[in-house]
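S.K.: Sequence:
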Amino acid sequence: MILTDNQTTEIKRAIIFALTKLYNQDISLIERQAHERSSVFRFGLYFSEIIAQTSFGADNELTIDFDYNRNGENIKDMDGFNPKHGIFPDIVLHHRGFNDKNIVVIEFKGHWSGKGRDDEKLKGFTSEIVNDYHYGLGVFVRLTTTITNCEITYYKNGELENV
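Take any residue in the sequence shown, note its place counting from 1, add 95, and you have its number in the working numbering.
Accuracy of the hints is not assured; some may be wrong.
[What the hints assert, rightly or not] Subject to a maximum C-alpha distance of 30 Å in a straight line, what follows is the list of computed DSS-like cross-link-like pairs (lysine-lysine):
1. K107 / K196
2. K210 / K116
3. K210 / K196
4. K218 / K171
5. K218 / K204
6. K251 / K107
7. K210 / K107
8. K251 / K196
9. K251 / K218
10. K116 / K251
11. K204 / K251
12. K196 / K218
13. K116 / K196
14. K196 / K171
15. K171 / K107
16. K171 / K210
17. K171 / K251
18. K210 / K251
19. K204 / K116
20. K218 / K107
21. K218 / K116
22. K204 / K107
23. K204 / K171
[Unchecked claim] Cβ-Cβ distance ranges computed for the label pairs, FRET-style:
24. N257 / N101: 14 to 20 Å
25. G167 / T241: 38 to 44 Å
26. I242 / Q148: 28 to 34 Å
27. D100 / Q128: 16 to 22 Å
28. T99 / L140: 24 to 30 Å
29. F176 / T99: 14 to 20 Å
30. N101 / E168: 19 to 25 Å
Hints are computed from structural coordinates only; laboratory data are not their basis.
C-beta atoms are modelled at their ideal positions from N, C-alpha and C, and glycine is treated no differently.
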């Protein structure tokens, strides 16, 4: 889905607000290097609250999902990844079961983990050419011990976004 500049800004702000809430209320998960899913779950709760207050909140077809591995009725996959297991983006804001409103896909890593292949996944998820996902925005978040050092990278149209 192609997002307008205003929609992109709105999503980015929602992510920053949710991250701020995560760091204010759940920093112990990050400090203890708890499994990434623990922090992502908490972020998802906050992100859901914030999205409800944006223009996206009025769209009843949109859902926030965690580790969502479906593409319609099929397993979500991508060239270069094991099709048997599929791929599981950490957080998605989308129209579940369809690819018409794939708004944002977010991948997280703790500072204690490697980056894995999230860069490849986010480029693929946001590409208009490579597959049929067409997420309007991809986001990589590296959780660090302070929000000021938190690394956030954005992807649009299968590329790193020029900021």
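S.K.: A separate judgement is required for each hint: does it hold in the structure or not?
M.R.: Hint by hint, here is what the structure shows:
{"no.": "1", "hint": "K107 / K196", "in the structure": "17 Å, holds"}
{"no.": "2", "hint": "K210 / K116", "in the structure": "23 Å, holds"}
{"no.": "3", "hint": "K210 / K196", "in the structure": "27 Å, holds"}
{"no.": "4", "hint": "K218 / K171", "in the structure": "15 Å, holds"}
{"no.": "5", "hint": "K218 / K204", "in the structure": "16 Å, holds"}
{"no.": "6", "hint": "K251 / K107", "in the structure": "13 Å, holds"}
{"no.": "7", "hint": "K210 / K107", "in the structure": "21 Å, holds"}
{"no.": "8", "hint": "K251 / K196", "in the structure": "15 Å, holds"}
{"no.": "9", "hint": "K251 / K218", "in the structure": "8 Å, holds"}
{"no.": "10", "hint": "K116 / K251", "in the structure": "25 Å, holds"}
{"no.": "11", "hint": "K204 / K251", "in the structure": "20 Å, holds"}
{"no.": "12", "hint": "K196 / K218", "in the structure": "17 Å, holds"}
{"no.": "13", "hint": "K116 / K196", "in the structure": "26 Å, holds"}
{"no.": "14", "hint": "K196 / K171", "in the structure": "16 Å, holds"}
{"no.": "15", "hint": "K171 / K107", "in the structure": "24 Å, holds"}
{"no.": "16", "hint": "K171 / K210", "in the structure": "20 Å, holds"}
{"no.": "17", "hint": "K171 / K251", "in the structure": "19 Å, holds"}
{"no.": "18", "hint": "K210 / K251", "in the structure": "19 Å, holds"}
{"no.": "19", "hint": "K204 / K116", "in the structure": "17 Å, holds"}
{"no.": "20", "hint": "K218 / K107", "in the structure": "17 Å, holds"}
{"no.": "21", "hint": "K218 / K116", "in the structure": "27 Å, holds"}
{"no.": "22", "hint": "K204 / K107", "in the structure": "18 Å, holds"}
{"no.": "23", "hint": "K204 / K171", "in the structure": "20 Å, holds"}
{"no.": "24", "hint": "N257 / N101: 14 to 20 Å", "in the structure": "18 Å, holds"}
{"no.": "25", "hint": "G167 / T241: 38 to 44 Å", "in the structure": "40 Å, holds"}
{"no.": "26", "hint": "I242 / Q148: 28 to 34 Å", "in the structure": "20 Å, violated"}
{"no.": "27", "hint": "D100 / Q128: 16 to 22 Å", "in the structure": "37 Å, violated"}
{"no.": "28", "hint": "T99 / L140: 24 to 30 Å", "in the structure": "27 Å, holds"}
{"no.": "29", "hint": "F176 / T99: 14 to 20 Å", "in the structure": "30 Å, violated"}
{"no.": "30", "hint": "N101 / E168: 19 to 25 Å", "in the structure": "33 Å, violated"}
Taken one by one, the earlier hints fail for this structure at numbers 26, 27, 29 and 30, listed in ascending order.
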